[in-house]
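There are 2 protein chains.
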Amino acid sequence: MTRLLEENRVRLLDGLRDALAGSSSLSRIVRQHVGIEDAAGGAVDGAGKLLRPSLVLFVAEELGARLDEALPAAVALELVHNFSLVHDDIQDRDRTRRGRPTVWVTHGEAMAINAGDLLYAIAFREIARCGSAAVACLAEATIDMVEGQSLDLSFERRFVTIDEYTAMIDRKTGALLRCAFELGAIVAGADDSARRALRDLAMALGRAFQIQDDVLGIWGDGDVVGKPQGSDVRRRKKSFPVASAFALAGPADRCRLEEIYSAEPVAETDVTWVILLMERLGVPAAAAGTVRETLAQAAGYLGRIQLSATGRGDMDALIDYLAGRTK
Amino acid sequence: MTRLLEENRVRLLDGLRDALAGSSSLSRIVRQHVGIEDAAGGAVDGAGKLLRPSLVLFVAEELGARLDEALPAAVALELVHNFSLVHDDIQDRDRTRRGRPTVWVTHGEAMAINAGDLLYAIAFREIARCGSAAVACLAEATIDMVEGQSLDLSFERRFVTIDEYTAMIDRKTGALLRCAFELGAIVAGADDSARRALRDLAMALGRAFQIQDDVLGIWGDGDVVGKPQGSDVRRRKKSFPVASAFALAGPADRCRLEEIYSAEPVAETDVTWVILLMERLGVPAAAAGTVRETLAQAAGYLGRIQLSATGRGDMDALIDYLAGRTK
Numbered sequence: 001m002t003r004l005l006e007e008n009r010v011r012l013l014d015g016l017r018d019a020l021a022g023s024s025s026l027s028r029i030v031r032q033h034v035g036i037e038d039a040a041g042g043a044v045d046g047a048g049k050l051l052r053p054s055l056v057l058f059v060a061e062e063l064g065a066r067l068d069e070a071l072p073a074a075v076a077l078e079l080v081h082n083f084s085l086v087h088d089d090i091q092d093r094d095r096t097r098r099g100r101p102t103v104w105v106t107h108g109e110a111m112a113i114n115a116g117d118l119l120y121a122i123a124f125r126e127i128a129r130c131g132s133a134a135v136a137c138l139a140e141a142t143i144d145m146v147e148g149q150s151l152d153l154s155f156e157r158r159f160v161t162i163d164e165y166t167a168m169i170d171r172k173t174g175a176l177l178r179c180a181f182e183l184g185a186i187v188a189g190a191d192d193s194a195r196r197a198l199r200d201l202a203m204a205l206g207r208a209f210q211i212q213d214d215v216l217g218i219w220g221d222g223d224v225v226g227k228p229q230g231s232d233v234r235r236r237k238k239s240f241p242v243a244s245a246f247a248l249a250g251p252a253d254r255c256r257l258e259e260i261y262s263a264e265p266v267a268e269t270d271v272t273w274v275i276l277l278m279e280r281l282g283v284p285a286a287a288a289g290t291v292r293e294t295l296a297q298a299a300g301y302l303g304r305i306q307l308s309a310t311g312r313g314d315m316d317a318l319i320d321y322l323a324g325r326t327k
Numbered sequence: 001m002t003r004l005l006e007e008n009r010v011r012l013l014d015g016l017r018d019a020l021a022g023s024s025s026l027s028r029i030v031r032q033h034v035g036i037e038d039a040a041g042g043a044v045d046g047a048g049k050l051l052r053p054s055l056v057l058f059v060a061e062e063l064g065a066r067l068d069e070a071l072p073a074a075v076a077l078e079l080v081h082n083f084s085l086v087h088d089d090i091q092d093r094d095r096t097r098r099g100r101p102t103v104w105v106t107h108g109e110a111m112a113i114n115a116g117d118l119l120y121a122i123a124f125r126e127i128a129r130c131g132s133a134a135v136a137c138l139a140e141a142t143i144d145m146v147e148g149q150s151l152d153l154s155f156e157r158r159f160v161t162i163d164e165y166t167a168m169i170d171r172k173t174g175a176l177l178r179c180a181f182e183l184g185a186i187v188a189g190a191d192d193s194a195r196r197a198l199r200d201l202a203m204a205l206g207r208a209f210q211i212q213d214d215v216l217g218i219w220g221d222g223d224v225v226g227k228p229q230g231s232d233v234r235r236r237k238k239s240f241p242v243a244s245a246f247a248l249a250g251p252a253d254r255c256r257l258e259e260i261y262s263a264e265p266v267a268e269t270d271v272t273w274v275i276l277l278m279e280r281l282g283v284p285a286a287a288a289g290t291v292r293e294t295l296a297q298a299a300g301y302l303g304r305i306q307l308s309a310t311g312r313g314d315m316d317a318l319i320d321y322l323a324g325r326t327k
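Listed in order, the protein sequences are those of chains A and B. One point on numbering: in our numbering, the residue at position 119 of the first sequence is 119, and numbering is uninterrupted. One point on numbering: in our numbering, the residue at position 94 of the second sequence is 94, and numbering is uninterrupted.
It is possible that some hints are incorrect.
Stated by the list, open to error - Cβ-Cβ distance ranges computed for the label pairs, FRET-style: (1) A:E164 <-> B:E109: 40 to 48 Å; (2) A:R157 <-> B:D163: 47 to 55 Å; (3) A:A167 <-> B:G46: 29 to 37 Å; (4) A:R157 <-> B:T310: 29 to 37 Å; (5) B:S25 <-> A:R196: 42 to 50 Å; (6) A:V10 <-> B:E164: 33 to 41 Å; (7) A:R235 <-> B:P265: 30 to 38 Å; (8) A:P265 <-> B:D320: 53 to 61 Å; (9) B:G303 <-> A:R196: 49 to 57 Å.
As the list claims (entries may be wrong) - To give a feel for the contact side, a few chain A residues facing chain B, derived at Cβ under 10 Å: (10) G64; (11) L67; (12) D92; (13) T96; (14) A115; (15) D117; (16) L118; (17) I122; (18) A128; (19) L138; (20) E140; (21) A141; (22) T142; (23) L276.
Note that these hints are calculated values from the structure, not bench results. Glycine included, each C-beta is placed from N, C-alpha and C at the ideal position.
Put together the whole structure using the sequences plus the hints.
Quick look at the structure:
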C-alpha cells in the first residue's frame with residue numbers, strides 16, 4: 001500500500017465508528033459489513049483499502065483544508081460506496097465480500113436492502129455537516145453511480161463495445177472516485193479550474209483502476225484477490241477483457257462467445273476456453289496497454305494541479321500502485 | 001380530499017417532473033412508479049395523495065416562506081417516500097401499488113433496488129437546494145424510517161405489544177410525516193419551539209393515519225382501498241388490529257392466532273376466523289377510539305401553533321379527513 005492510503009487510516013476508521021454508532025440490530029449489521037466490528041461486537045479493521053475517503057482527506061489537505069473539516073465528507077463517501085456494495089451484492093448474487101459472507105447471505109435480502117438504505121441515509125446526515133455544495137456533489141455522484149449500475153445490469157442481456165463499457169464504468173465506478181477529488185476541493189474552497197483538473201485526473205484514475213480490477217477478476221491470484229481465478233467469466237460479467245475479446249474475435253469465436261455468455265451456469269470447460277481465447281487474442285496485453293495509457297494521461301492532468309512535494313510523491317506512488325496492483 | 005391536498009397539487013407534480021427528468025431507462029421506470037408518466041411516455045397524474053409534500057408547502061407558507069423556496073424540500077420528501085415504497089414492495093412481495101404493478105414485478109428485483117436508489121439520490125440533490133439543515137432533517141427522518149422498516153421486518157417472526165407496534169410506526173411511517181412539518185419550518189426559518197410543536201402535532205397525526213390505514217387494510221372496501229378485504233391478515237402483517245387482538249385475546253384464541261400467523265400461506269377460512277375474532281374482541285371500536293384520542297391530542301397541539309384562519313381551517317379539515325377516511 002502507498003503512504004496516501006496508510007496515513008489517515010486510523011482517523012477514518014474512528015470517523016466510520018462514530019457515524020455508525022447505535023444499538024439497533026440494523027446498525028450492528030452495517031458495522032459488520034463495513035468491517036469495523038466483528039460478530040461479537042468487538043472493534044476490528046476489515047474495512048478494505050479506504051481509497052476514496054483517503055483521497056478526500058488527501059486532496060482537502062493539499063488544497064489547504066483542515067482534516068477535521070474534511071472528515072465527514074470522507075466518511076460519507078465511504079458509506080455511499082458501502083451502500084452500493086451491499087445492494088450490488090444482492091443484485092449480482094455475490095456471496096462473499098472482503099473475505100466475509102455478504103449481508104444478504106447472512107441476514108436475508110430484505111434486511112440487506114435495508115442495511116444499504118441505512119448506510120445511504122447516514123452518509124447524507126454526515127455530509128450535511130460540510131454544507132450544501134458537498135451534499136449536491138455526493139448526490140450527483142450517487143445518481144451517476146446508480147445509473148451506471150443500471151447500465152451494467154442491462155449489459156447482462158447483450159455484448160457491448162469498448163466505448164459502451166467505458167461509458168458504463170465512468171459512471172458505475174468512476175463517479176465516486178471523481179466525487180472523492182471534488183469533495184476534497186469543495187471542503188477546501190478550491191476554485192472551478194482546480195475542480196475541473198481534479199475531475200479529469202479522477203476520471204483517468206477511475207478507468208485505470210476499473211480495467212485493472214477487471215483483469216484481476218479473470219487472471220488475479222485467487223488467494224490474493226479473494227475470489228477464484230476466472231470468476232468474472234463464470235458469472236458472465238461484462239468487463240473490459242470481454243468487451244475487448246468480443247471486439248477482436250473473428251466471426252466463429254464471437255459466435256461461440258455469445259453462446260457461452262447466454263448459458264447458465266457457464267461450464268468450467270467453457271470458462272477455460274474463454275480465458276484461452278482472450279489470451280490468444282492478446283487481451284491481457286491490450287488491457288495492460290490501456291491501463292498504461294490512461295495512467296500516463298492521469299500523470300499529465302496531475303501536472304495541472306498545485307501539490308506539495310510530498311503530495312506529488314504520494315500521487316505518483318498511487319499511480320504506480322494502481323498500475324501494478326495485484327489486489 | 002381536503003383543500004390542503006388539492007391546492008398545490010399541480011405545482012408538486014411539475015416539481016416532481018422537473019426533478020425526475022432524464023432519458024435513461026431507469027429514469028423512465030421511476031417516473032412511471034411515481035405516477036407522473038405512463039408506459040408510452042405521456043404525462044399522467046397517478047401520484048397518490050401527495051400528503052407529505054403538500055404538508056411541507058402548507059407549513060412553509062403558513063410560517064412565512066415562499067412556495068418556490070419550499071418546493072425542492074417538498075419534492076425531495078415525496079421522492080424519499082417513493083423510494084421507500086419501491087424497496088418495501090420488494091421486501092413485502094407486494095405486487096400492486098396505486099393500482100399498477102410494482103417495480104420489481106415489471107422490471108425485476110435488481111432494477112427495482114436501483115430504481116429506489118435513484119429516487120433516493122435525486123431526493124438529496126433536490127433538498128441540497130434548501131440548505132444543510134434541511135438535508136440533515138431529511139437524512140435523520142430517513143434513518144428513522146429505515147430503522148422502523150427493519151423493526152417491522154423483525155416483527156414478522158413474533159407477536160408484538162401495542163407499545164412495540166407504536167414505537168415501530170412512529171419511525172416507519174411517522175418519521176416522514178414529522179419531517180414534512182419540520183422541513184416546512186426549516187425552510188421558513190422558524191424557531192425551535194415552533195419546530196417542537198409541529199413535531200408533536202405530526203407525531204399524533206402520523207399515529208392516527210397509520211392506525212386508520214391498518215384498519216382499512218383489514219376492513220376497508222377492496223374497490224376503494226385498492227386491495228382485497230382482509231389482505232393484511234392474509235399477508236400476516238403485524239398491524240394495530242393484530243397487536244390489539246393479541247393483547248385482548250384469551251389463552252386459547254391467542255394460541256390459535258399464533259398458529260395461524262406462523263402458517264404460510266394463511267388459509268382463507270383462517271383469514272375469516274381472525275377477522276371474526278377481532279370483531280368479537282371489539283378491535284374495530286378500540287382502533288377507532290385510539291384514532292379519535294390521538295386526533296384529539298393533535299387538535300390540542302394545533303392550538304400551540306400560530307396559523308392563519310384559512311390555515312387552521314385546512315388543518316381541521318385534514319384531521320377530519322384522517323378521522324373518517326375510507327381510502
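Hints, verified against the model:
At about 24 Å, the beta-carbon gap between E164 (chain A) and E109 (chain B) misses the expected band of 40 to 48 Å. At about 49 Å, the CB distance of R157 (chain A) to D163 (chain B) agrees with the hint of 47 to 55 Å. Checked against the hint of 29 to 37 Å, the pair A167 (chain A) and G46 (chain B) passes, with Cβ atoms roughly 32 Å apart. Between R157 (chain A) and T310 (chain B) the C-beta distance comes to about 55 Å, which lies outside the given range of 29 to 37 Å.
Taking 42 to 50 Å as the suggested C-beta distance range, the pair S25 (chain B) and R196 (chain A) does not conform, at roughly 30 Å. For the hinted restraint 33 to 41 Å between V10 (chain A) and E164 (chain B), the CB-CB distance of approximately 39 Å keeps it satisfied. Distance hint for R235 (chain A) and P265 (chain B): a CB-CB separation of about 34 Å, consistent with the stated range 30 to 38 Å. Taking the beta carbon of each, P265 (chain A) and D320 (chain B) are about 60 Å apart, inside 53 to 61 Å as hinted.
With their beta carbons about 55 Å apart, G303 (chain B) and R196 (chain A) fall inside the hinted range of 49 to 57 Å. Restraint check, G64 (chain A) versus chain B: the minimum CB separation of about 21 Å is more than 10 Å; hint violated. At about 20 Å, the closest approach between the beta carbon of L67 (chain A) and any beta carbon in chain B exceeds 10 Å, and the interface hint on this residue is violated. With 10 Å as the threshold, the beta carbon of D92 (chain A) comes within range of chain B, its nearest partner Cβ sitting at about 8 Å, so the hint holds.
Interface restraint check: T96 (chain A) against chain B, minimum CB-CB distance 19 Å, threshold 10 Å, status violated. The beta carbon of A115 (chain A) is positioned within 10 Å of a beta carbon in chain B (closest approach about 8 Å), and the interface hint is therefore held. Interface restraint check for D117 (chain A): the shortest CB-CB distance to chain B comes to about 5 Å, inside 10 Å, so the restraint holds. A least Cβ separation of about 5 Å between L118 (chain A) and chain B falls short of the 10 Å threshold, and the interface hint therefore holds.
Because the closest C-beta pair between I122 (chain A) and chain B is about 6 Å apart, less than 10 Å, the hint holds. Interface hint at A128 (chain A): satisfied, since its Cβ lies 4 Å from the closest Cβ of chain B, which is below the 10 Å cut-off. With a cut of 10 Å, the hint placing L138 (chain A) at the interface with chain B holds, because the nearest CB-to-CB distance is about 7 Å. Against a cut-off of 10 Å between C-beta atoms, the interface hint on E140 (chain A) holds, since the closest Cβ of chain B lies about 6 Å away.
A hinted interface residue such as A141 (chain A) counts as satisfied when its beta carbon comes closer than 10 Å to some beta carbon of chain B; here the least separation is about 9 Å, so the hint holds. For T142 (chain A), the shortest C-beta to C-beta distance to chain B is roughly 4 Å, which falls under 10 Å, so the interface hint holds. For L276 (chain A), the interface hint is violated, the least distance from its beta-carbon to any beta-carbon of chain B being 31 Å, above 10 Å.
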